[in-house]
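Student: These are the residues of each chain, in order.
Number of protein chains: 2
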Amino acid sequence: MAEINLETIAKQAKETSYVLASLNTEIKNNALNAIAENIEKNKDLILAENKKDLENAEKMIEEGTLTRALYNRLKLDDDKMKVMVQGVLDVKNLEDPVHKNVWAMELDKDLELYKTTYPIGVIGVIFESRPEVVVQIAALAVKSSNAVILKGGSEAAFSNQVLADVIVESLNLVEGFPKNAVNLIKTRQEVNKMLEMDGYIDLIIPRGSNSLVKFIQSNTKIPVLGHSDGICHIYVDENADIAKAVKISVDSKIQYPAACNAVETILVNKNIAKKALPELIDALKKEEVTIKGDDVVKSIVADIEPAIEEDWAIEYGDKIVSIKVVENILEAISHINTYGSGHTDCIITENKQKAELFMDSVDSAGVYQNASTRFSDGFRYGFGAEVGISTNKTLARGPVGLEGLVVYKYKLYGKDQTVQEYSGSNAKKFTHKRIV
Amino acid sequence: MAEINLETIAKQAKETSYVLASLNTEIKNNALNAIAENIEKNKDLILAENKKDLENAEKMIEEGTLTRALYNRLKLDDDKMKVMVQGVLDVKNLEDPVHKNVWAMELDKDLELYKTTYPIGVIGVIFESRPEVVVQIAALAVKSSNAVILKGGSEAAFSNQVLADVIVESLNLVEGFPKNAVNLIKTRQEVNKMLEMDGYIDLIIPRGSNSLVKFIQSNTKIPVLGHSDGICHIYVDENADIAKAVKISVDSKIQYPAACNAVETILVNKNIAKKALPELIDALKKEEVTIKGDDVVKSIVADIEPAIEEDWAIEYGDKIVSIKVVENILEAISHINTYGSGHTDCIITENKQKAELFMDSVDSAGVYQNASTRFSDGFRYGFGAEVGISTNKTLARGPVGLEGLVVYKYKLYGKDQTVQEYSGSNAKKFTHKRIV
Chain A
1 MAEINLETIA KQAKETSYVL ASLNTEIKNN ALNAIAENIE KNKDLILAEN KKDLENAEKM
61 IEEGTLTRAL YNRLKLDDDK MKVMVQGVLD VKNLEDPVHK NVWAMELDKD LELYKTTYPI
121 GVIGVIFESR PEVVVQIAAL AVKSSNAVIL KGGSEAAFSN QVLADVIVES LNLVEGFPKN
181 AVNLIKTRQE VNKMLEMDGY IDLIIPRGSN SLVKFIQSNT KIPVLGHSDG ICHIYVDENA
241 DIAKAVKISV DSKIQYPAAC NAVETILVNK NIAKKALPEL IDALKKEEVT IKGDDVVKSI
301 VADIEPAIEE DWAIEYGDKI VSIKVVENIL EAISHINTYG SGHTDCIITE NKQKAELFMD
361 SVDSAGVYQN ASTRFSDGFR YGFGAEVGIS TNKTLARGPV GLEGLVVYKY KLYGKDQTVQ
421 EYSGSNAKKF THKRIV
Chain B
1 MAEINLETIA KQAKETSYVL ASLNTEIKNN ALNAIAENIE KNKDLILAEN KKDLENAEKM
61 IEEGTLTRAL YNRLKLDDDK MKVMVQGVLD VKNLEDPVHK NVWAMELDKD LELYKTTYPI
121 GVIGVIFESR PEVVVQIAAL AVKSSNAVIL KGGSEAAFSN QVLADVIVES LNLVEGFPKN
181 AVNLIKTRQE VNKMLEMDGY IDLIIPRGSN SLVKFIQSNT KIPVLGHSDG ICHIYVDENA
241 DIAKAVKISV DSKIQYPAAC NAVETILVNK NIAKKALPEL IDALKKEEVT IKGDDVVKSI
301 VADIEPAIEE DWAIEYGDKI VSIKVVENIL EAISHINTYG SGHTDCIITE NKQKAELFMD
361 SVDSAGVYQN ASTRFSDGFR YGFGAEVGIS TNKTLARGPV GLEGLVVYKY KLYGKDQTVQ
421 EYSGSNAKKF THKRIV
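Chains A and B, in that order, are what the protein sequence lines are.
Read in my numbering, the first sequence has 89 at position 89, and its numbers run on one by one without any break.
Read in my numbering, the second sequence has 354 at position 354, and its numbers run on one by one without any break.
Hints may be right or wrong, so weigh each one.
[As the list claims (entries may be wrong)] PhoX-like cross-link-like pairs, simulated, lysine-lysine; straight-line CA separation at most 20 Å:
no., chain 1, residue 1, chain 2, residue 2
1, A, K109, B, K352
2, A, K75, A, K43
3, B, K11, B, K186
4, A, K221, A, K193
5, A, K115, A, K100
6, B, K244, A, K109
7, A, K247, B, K428
8, B, K109, A, K247
[To be verified] The following residues of chain A were derived to be distant from chain B, with all beta-carbon distances above 10 Å:
no., residue
9, I4
10, E26
11, P97
12, E132
13, E169
14, L173
15, N192
16, K193
17, K214
18, K285
19, E310
20, E315
[To be verified] Sample of chain A residues facing chain B (criterion: CB under 8 Å; computed from the structure):
no., residue
21, Y18
22, D202
23, R374
24, R380
Hints in this document: simulated from the structure, not taken from any laboratory.
Here the structure is a predicted model, which is why all the values come from computation and not from measurement.
C-beta atoms are modelled at their ideal positions from N, C-alpha and C, and glycine is treated no differently.
Looking at chain A on its own, in the form it has when it is part of the complex (with noise of 0.2 Å):
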């Protein structure tokens, strides 16, 4: 079968989205039942799918060019597949968040606005390695009525191909789920013209590594929804409880230190310092965390690495930390602002004000008080499933779910009303009476 390419799946993709964005829930929870049926119904074909990527990808590891992590990550299992199964019913069982009225007002007898969520329109998703994210994304895009574009890794080609195919036929069973609402785009089409689709694709949402993530960012026009590093801090305030310190920077830390939300740098105020920071440095160096500190740092605790300038602005996604002693809160609102990342960060505190003061001045996507920065995560946070995590300042932030997929539109409702009516010496006066 000759390959469609690229430009016509991205504008047949747009024409659809015209029409799930006026889908019922009825219509998209059938779409979701039919998916979690179908991938039930087909497992033995998907794990045998899977099993040919798998045997690639020993080759692969054979070579050098492939890690057992990725692998690990890359194979499909019963368990998996449950998960998945089960993952497609659950995001059905979510609140549709299409078609909500956010906020009404009436402008005038029957002259009624309404601010409605509707969806995105088409959206690009490039992820590496698991073949889960197919389904995931797939079942998110249905209930949030937007269209996708999936592009996956080389190592997981088949995987995501059958996965995609069972997808495409359960929806085009479902009675009145229009086509091409999920696509998936073959390995050799290239994501550089994915990234210049601006006038079809609506948004990006890169899964993957750093380096895929920035260089997706600074190679297209359309708005990307991510995060690139992931430098979260801790603040050891003056009036901490040393005990919550310690206990939340070692979950920060080890928990899963590979996490974007995993903890990078704990500031510690100099009036607890000595206090702390043996009993901190201690439960973390029992976790086998390599300490970096500053001078005032390894003056206190002697046993430790040096850190330098650039130890501030690096993700390890290992077992590493570095310290710092800070002569107060507003140096650390500072030192967090200026290094971080704007993604989690957190003030172990007892003083109420002080704990405002940080989470109103620190400029981040998730600011905690006396919790562990792995908090972040669209499951902890209850929001079912998770496209991601974002540290946009102007798109949805922090970790998002279905209702960052969607955004509004104003309708207004009218029975014959002109503006000239409201305008000049005898103009007719606006109620601007909220409804919503």
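Based on these hints, arrange chain B on the given structure of chain A.
Tutor: For chain B alone, kept in the frame of chain A given last:
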């Protein structure tokens, strides 16, 4: 006095933005009162400086480099000064858009997550001619806790400078209000430099010609809030009340033909065309509107100009309108989504279901039933003030008031919770109970 360079201004504005983020409403309202009083007090000085710009403008008119219309927009007088001062007080009386909890969830006992509104940070505003913009934008920025960097046109250099000076002086007198919140950059400093400051400036708002907006959109990585074209449509459905179609079309075209929300193309369902077109065209012609029609329109009303393909993609900004006969509502929707600019589009119909289909499927910031497209405006929407109209899909959309100048943060209040406690086989369960 040595001129401070743009990078320093931008850096200082960024630092100030973190302070602005924690201001309470009272301090911001004091600042707005101070601005209003100070403008009133310095009226004569402001008018005198404005006169310098007007004298230069007279020369430019003689040389043919400035139009009389621009001169009128440039000119301040007692009435405009009154409106200016009242505008500041109106913004003061609006609800504070910052620190509002828009959503909140208990993740578990003593672990509460709040989604709270926060300012965007530093906003760059690039505008032409009208010096009132300095005051309007400064007031909106103060109320929404954003720092602003203003860049006006050289033709209004004296007026802009004196207004900015008066505002900065006022703000410097307000206890607790930080310095460098409002900044005006000089004409000889390039717009281009401002567009490169993506490390400091979070949002650019261009207010001016289509070509200015297009230039800015293609020359910066900073998100741009605005619209270049305003190609608005009216679709006269087969279930339209023709009298309403005529009344609304005339207002949408002639109430202010140069406005971005004026209608440019009217689409008429073929089943109502023979009846509606003669009345509609007659009414528009009475208002001296030039009509351009496709072949079908011309076959019904002969005495009009022909419309060519390019007419569907033009913002005339003048008393010209193109008219096309369409097969059905789907062709109308498809035409609008193809040629429109996502600004404001209206259906004239008495059929609720068709209205909903149109409003769901047309991908524009404003979708209307039976009301003039000219209603698309912050004042008419009841926002009290407007920084611009956006056709973006992932930023604020439609007329943008105070609410469009804030973004949100997730604030998490814990006691000492770690993610480890919620992981593994003995994991604590999240309660995920909505609070707000």
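Student: Indicate, hint by hint, whether the structure satisfies it.
Tutor: To see whether the hints hold, each was checked on the structure:
| no. | hint | in the structure |
| --- | --- | --- |
| 1 | A:K109 with B:K352 | holds (18 Å) |
| 2 | A:K75 with A:K43 | holds (14 Å) |
| 3 | B:K11 with B:K186 | holds (16 Å) |
| 4 | A:K221 with A:K193 | holds (12 Å) |
| 5 | A:K115 with A:K100 | holds (8 Å) |
| 6 | B:K244 with A:K109 | holds (17 Å) |
| 7 | A:K247 with B:K428 | holds (16 Å) |
| 8 | B:K109 with A:K247 | holds (18 Å) |
| 9 | I4 | holds (20 Å) |
| 10 | E26 | holds (15 Å) |
| 11 | P97 | holds (12 Å) |
| 12 | E132 | holds (19 Å) |
| 13 | E169 | holds (26 Å) |
| 14 | L173 | holds (23 Å) |
| 15 | N192 | holds (18 Å) |
| 16 | K193 | holds (19 Å) |
| 17 | K214 | holds (12 Å) |
| 18 | K285 | holds (18 Å) |
| 19 | E310 | holds (18 Å) |
| 20 | E315 | holds (18 Å) |
| 21 | Y18 | holds (5 Å) |
| 22 | D202 | holds (5 Å) |
| 23 | R374 | holds (4 Å) |
| 24 | R380 | holds (7 Å) |
The structure fails none of the hints (numbered hints given earlier).
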